[in-house]
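J.: Chain by chain, the residues:
There are 4 protein chains.
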Amino acid sequence: MLGICVIGSGRAGLIHARNFAAGRIAGARLVALVEPVAEARQKACQELELDTAYADHAQALADPRVDAVIVATPTTFHRAIVVAAAQAGKHILCEKPMATNARECDEMIAAAEAARVTLQIGFMRRFDAGFLADKQRVDAGEIGQVVLVKSLTHGPTTPKPWMYDIRTSLGPLAEVNSHDIDSLRWFTGSEFEEVYAIGGNYRSPDARQQYPDFYDNVILCARMQNGMQGSISGAQGVKYGYDARCEILGEKGLITVGSLAANSVVTHTADGSQAAVVQSWRNLFLDAYRAEDEDFVRCILENRAPRAGGPDGKAAVLVVNAGNQSIAERRPVRLGERVG
Amino acid sequence: MLGICVIGSGRAGLIHARNFAAGRIAGARLVALVEPVAEARQKACQELELDTAYADHAQALADPRVDAVIVATPTTFHRAIVVAAAQAGKHILCEKPMATNARECDEMIAAAEAARVTLQIGFMRRFDAGFLADKQRVDAGEIGQVVLVKSLTHGPTTPKPWMYDIRTSLGPLAEVNSHDIDSLRWFTGSEFEEVYAIGGNYRSPDARQQYPDFYDNVILCARMQNGMQGSISGAQGVKYGYDARCEILGEKGLITVGSLAANSVVTHTADGSQAAVVQSWRNLFLDAYRAEDEDFVRCILENRAPRAGGPDGKAAVLVVNAGNQSIAERRPVRLGERVG
Amino acid sequence: MLGICVIGSGRAGLIHARNFAAGRIAGARLVALVEPVAEARQKACQELELDTAYADHAQALADPRVDAVIVATPTTFHRAIVVAAAQAGKHILCEKPMATNARECDEMIAAAEAARVTLQIGFMRRFDAGFLADKQRVDAGEIGQVVLVKSLTHGPTTPKPWMYDIRTSLGPLAEVNSHDIDSLRWFTGSEFEEVYAIGGNYRSPDARQQYPDFYDNVILCARMQNGMQGSISGAQGVKYGYDARCEILGEKGLITVGSLAANSVVTHTADGSQAAVVQSWRNLFLDAYRAEDEDFVRCILENRAPRAGGPDGKAAVLVVNAGNQSIAERRPVRLGERVG
Amino acid sequence: MLGICVIGSGRAGLIHARNFAAGRIAGARLVALVEPVAEARQKACQELELDTAYADHAQALADPRVDAVIVATPTTFHRAIVVAAAQAGKHILCEKPMATNARECDEMIAAAEAARVTLQIGFMRRFDAGFLADKQRVDAGEIGQVVLVKSLTHGPTTPKPWMYDIRTSLGPLAEVNSHDIDSLRWFTGSEFEEVYAIGGNYRSPDARQQYPDFYDNVILCARMQNGMQGSISGAQGVKYGYDARCEILGEKGLITVGSLAANSVVTHTADGSQAAVVQSWRNLFLDAYRAEDEDFVRCILENRAPRAGGPDGKAAVLVVNAGNQSIAERRPVRLGERVG
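Chains H, Z, V and B, in that order, give the protein sequences. By our numbering, the letter at position 109 of the first sequence is numbered 109, and the numbering carries on one by one without gaps. By our numbering, the letter at position 5 of the second sequence is numbered 5, and the numbering carries on one by one without gaps. By our numbering, the letter at position 40 of the third sequence is numbered 40, and the numbering carries on one by one without gaps. By our numbering, the letter at position 181 of the fourth sequence is numbered 181, and the numbering carries on one by one without gaps.
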């Protein structure tokens with residue numbers, strides 16, 4: 001039985017922690033939690049009926065019962081924790097975005113390789129039943145060669161103040177659109193060549209004065225290395241719900257995936273038809289997180305490569321950086337271009 | 001150019017009149033209107049830019065410019081007008097329900113046959129693009145042998161006081177569900193054998209005291225002669241819109257037709273997703289009415305039988321009568337049974 | 001920690017067994033299984049990583065680690081097992097249909113009451129997120145007073161030979177439509193007064209000769225005691241998927257629940273739009289089964305009445321019996337009528 | 001009664017011609033047609049039951065029965081014909097794209113103003129019921145301030161050889177996306193400030209050698225002058241149907257308009273759910289073309305400005321030119337920038 005430690009008890013961290021605590025993931029159990037804030041730590045332990053919790057990840061990495069860690073802290077801590085975890089011989093599932101830049105990613109990948117531990121990145125859409133069915137249909141040639149992939153993520157959550165500084169948070173392209181970036185790579189089977197992005201702050205008046213370059217809405221056009229096209233939109237603080245949809249245009253057809261409908265109930269009255277909208281990625285992708293956690297455990301036990309590994313995480317970080325540069329400099333940015 | 005006279009300027013009458021007045025129907029033009037109420041007559045003439053209007057249908061039948069009539073009066077007048085029109089050599093498109101009982105229908109059919117004029121009944125769903133596509137798919141064997149046809153019509157209009165007496169109005173089974181009855185015959189390719197119906201007055205408190213047997217909501221189960229099953233529901237005064245949907249269950253699949261969506265616009269806000277509902281059969285079946293009018297003209301000009309003729313009208317009236325008897329006597333009623 | 005024993009390792013039994021074996025249900029664990037067929041028993045134990053399995057339920061009832069049983073055997077065994085379980089002081093979740101007739105139901109209810117154990121009936125749609133949202137909207141008055149409830153269940157599974165004898169199996173009204181019957185009671189808040197049903201065998205040629213009264217397709221009209229109307233359709237062996245939808249017509253609107261879409265993926269090609277259909281109630285209601293199992297455990301621990309208890313099970317059995325009698329005698333049958 | 005002459009008997013020309021020939025447009029009638037190709041001219045006259053047809057537009061402009069012209073020729077002829085028509089005192093409805101560059105547009109606008117004739121541009125989506133409902137909801141503030149407008153048009157028609165030279169045809173941005181460009185202006189209430197576009201040839205192998213800069217697929221990101229964002233995609237020769245959808249993201253919600261469903265019929269079988277896809281803009285926007293023609297006539301009769309006039313046509317041409325330049329130069333292009 002693999003012992004799992006979740007580092008960070010924010011929203012994503014708790015999803016993973018609940019999966020492992022409830023015994024939903026065969027072959028693994030939650031044995032510890034890391035959370036620096038005492039109050040949040042106690043609350044999480046209580047909910048998870050967990051005895052062991054640490055304030056510092058170093059303590060967890062020294063705990064021999066811990067075989068693997070889930071890293072769900074703010075992005076700036078990812079590199080240090082992942083490298084330390086690898087050096088301690090722990091397997092790692094690291095949430096997206098992998099890190100703040102390519103150099104950090106390289107260090108993390110190198111550390112995991114040196115220690116021969118599994119390093120998986122949290123692109124859980126690759127485990128979602130809908131996205132998987134979509135991918136199967138694309139791969140089966142139902143729409144011929146792919147021409148254009150469009151992917152959007154709009155989230156209801158208002159950006160938190162620490163996100164305002166996009167030098168450290170990397171902005172919505174990282175927080176919200178990392179998944180879309182990964183989907184474009186996944187569905188086109190290609191790396192990004194060049195991106196052009198436009199960002200703007202429409203719903204976050206608090207950030208305007210101090211962080212004039214903060215954006216809560218972004219569109220991005222991409223040229224893929226294999227000549228395919230890509231288009232992404234991202235939004236934070238939309239009021240209507242959580243929206244994650246993707247369209248893949250091929251030579252012979254179009255595949256659409258994603259829906260705003262929270263359930264199948266529709267009320268028809270004199271005011272028209274009314275239906276509930278998905279309110280959170282936590283509802284929408286709950287099964288995907290579970291499948292991701294299951295596969296993480298199986299990758300470790302069967303000693304095979306994860307569906308999304310370090311290079312996938314790094315590739316997304318590169319696109320985020322290029323996108324942010326494009327927004328700032330108002331010009332298309334090539335991937336691998338020397339960043340000013 | 002066929003000269004058309006519309007008899008009755010209610011809602012259905014005006015739809016036909018507008019089609020012919022606007023020149024939308026090749027080979028025919030509106031030449032006259034019959035409406036006994038002076039005010040309604042003048043209003044209709046003005047809207048239709050029409051010179052000729054009569055208070056009595058006998059005048060219209062004497063007008064040599066009139067080649068064909070559209071009968072859109074209350075049901076009780078259908079027999080007399082249709083028989084007179086046939087005797088005057090006019091072709092006839094008679095709105096549903098054809099008449100109040102089978103004997104009247106027989107007289108109308110006989111008169112049209114004797115005069116060798118076209119007698120078409122206003123089952124315009126047989127001309128609707130959706131229902132036609134549905135029928136084509138059924139006939140192409142896409143779902144195998146038909147097992148069960150379910151059809152519903154719910155209308156927003158509150159029943160008018162003259163409908164309260166179901167002996168003369170025949171009730172919602174006639175006013176609302178004639179189309180569903182015709183659809184069951186059309187999709188099963190069979191006559192009705194036996195029906196069982198339940199009716200109730202849920203939204204028409206004004207009728208309760210004087211017309212205790214009035215119903216504004218009805219469900220009906222049918223056994224078809226060829227062994228297939230049928231199910232109908234009807235409702236008047238529903239607040240949410242106009243609802244006409246049909247489902248055909250076959251041995252190998254299911255076909256659904258009909259939608260509540262008035263257009264493709266959906267607004268997603270914190271209150272959920274919201275869309276407009278179809279508000280009237282006039283919007284929903286506008287193209288079907290036009291196709292029906294066009295085919296009526298072509299049937300006359302090409303001297304061929306209409307898609308829905310007198311026997312189709314009579315068959316539906318028989319089902320209405322049996323259904324009403326079933327509601328009253330709380331037992332299944334066989335078609336052709338001696339009516340008490 | 002409640003010890004759970006699942007009796008019967010058919011499809012429904014395994015769903016419950018998997019829930020408890022995987023630790024998905026807080027406060028309870030699977031401790032034993034009863035399955036008379038050795039091969040099936042071993043296969044189930046292997047899948048569930050379970051040590052203890054019995055060939056006979058009496059052995060399980062004697063096992064002190066068993067606190068509660070899930071009864072998922074063929075209907076004919078329900079009475080004997082439930083009564084014995086109650087007498088052994090075990091709490092009971094009994095699958096639908098509860099039993100073959102009202103007398104059996106009464107014995108089961110009496111035994112549970114005498115032993116003061118929980119007796120819950122497996123109407124898991126009451127735990128489905130969609131149906132619950134539907135019920136909330138109805139109860140909140142969004143569509144005013146209910147007028148008509150329509151509910152359908154069409155299943156892909158071909159009837160098994162033992163179902164052909166409807167005297168013991170009770171036919172599709174029990175196997176397939178028990179849930180719809182329960183939904184009509186739930187949404188109208190009323191008992192059934194009278195039903196009329198039509199059945200036919202359309203897809204089961206094997207049964208025709210020996211079981212001429214077997215039906216694999218049924219429609220049923222109902223009059224509820226409070227004057228509301230109900231309509232049900234049931235089908236076995238439909239090829240297209242698993243179909244469970246419900247519509248509630250109120251004075252002021254309509255609520256629809258249920259969808260055929262298996263996921264949100266749609267492929268658009270020259271052949272049109274194509275989407276996957278739900279293939280099994282096991283997929284559709286997996287979360288509902290889990291919520292049902294969770295509530296069963298909580299009802300026991302908190303000593304409160306289950307959402308669907310013995311009287312709910314009995315009420316559905318009465319409707320099934322009346323419906324079958326109506327099909328056989330081709331007349332409406334009142335509930336509580338002396339059964340011939 | 002206004003006399004209408006349609007210039008050009010291609011697909012768009014025939015739609016207008018049929019509207020006016022059939023008398024569907026109150027206050028106007030088709031009196032003549034201009035088509036240089038004899039065979040096409042005769043065929044059109046026959047279909048339209050029209051006596052008068054000219055090989056040259058100059059002849060039509062000299063015909064005193066002609067009060068207004070519909071210009072539906074290839075784009076390169078628009079300027080000359082519109083200017084001549086204005087000078088002849090004829091009112092003008094000119095199809096999109098208005099012309100090949102801004103200077104031509106200016107000449108056309110000036111000529112119409114000098115002659116005091118109506119000059120309307122064929123942005124018929126502004127007359128579509130769905131897009132109008134969408135606009136109403138936006139203007140009513142249902143989603144707050146607009147943030148981002150996304151609009152796509154994918155058409156099934158393979159590009160014709162004359163379109164391969166984008167210097168004269170202006171490419172798909174003009175042929176296909178003129179409507180999307182207009183929608184962005186309409187829904188944002190703003191002019192374009194800067195665009196960035198990516199084009200590629202994915203389905204037109206014939207064009208590759210001789211016209212390496214031809215593209216049949218394009219994505220475009222836009223910065224509007226008022227700070228809003230815009231995103232467009234265009235495709236020619238998609239196999240699956242005609243696809244025109246738009247999404248408007250506001251501060252408080254999202255509005256979607258457009259649907260791929262050709263009708264409401266869905267077949268569910270063992271192969272899944274299957275529905276027909278809209279096959280042509282001619283089906284989808286038939287009512288919009290009629291409403292556009294009606295409004296054109298009313299604008300003339302009531303002497304009021306058209307819903308989409310010369311400046312709207314010019315604005316779209318400017319965006320097309322900037323987009324094509326962006327594709328060629330792989331950089332964002334500001335509107336009004338000196339074109340190389």
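Bear in mind the hints are in silico, worked out from the structure with no lab data behind them. Hints may be right or wrong, so weigh each one.
Because identical chains cannot be distinguished in the list, a pair is counted as satisfied if it fits within a single copy or across any two copies.
[To be verified] Here are the simulated DSBU-like pairs of lysine-lysine, each with C-alpha atoms no more than 35 Å apart in a straight line:
| hint | residue 1 | residue 2 |
| --- | --- | --- |
| 1 | 135 | 43 |
| 2 | 160 | 135 |
| 3 | 43 | 160 |
| 4 | 160 | 252 |
| 5 | 160 | 239 |
| 6 | 239 | 43 |
J.: Which hints from the list above does the structure break, by number from lowest to highest?
T.: none
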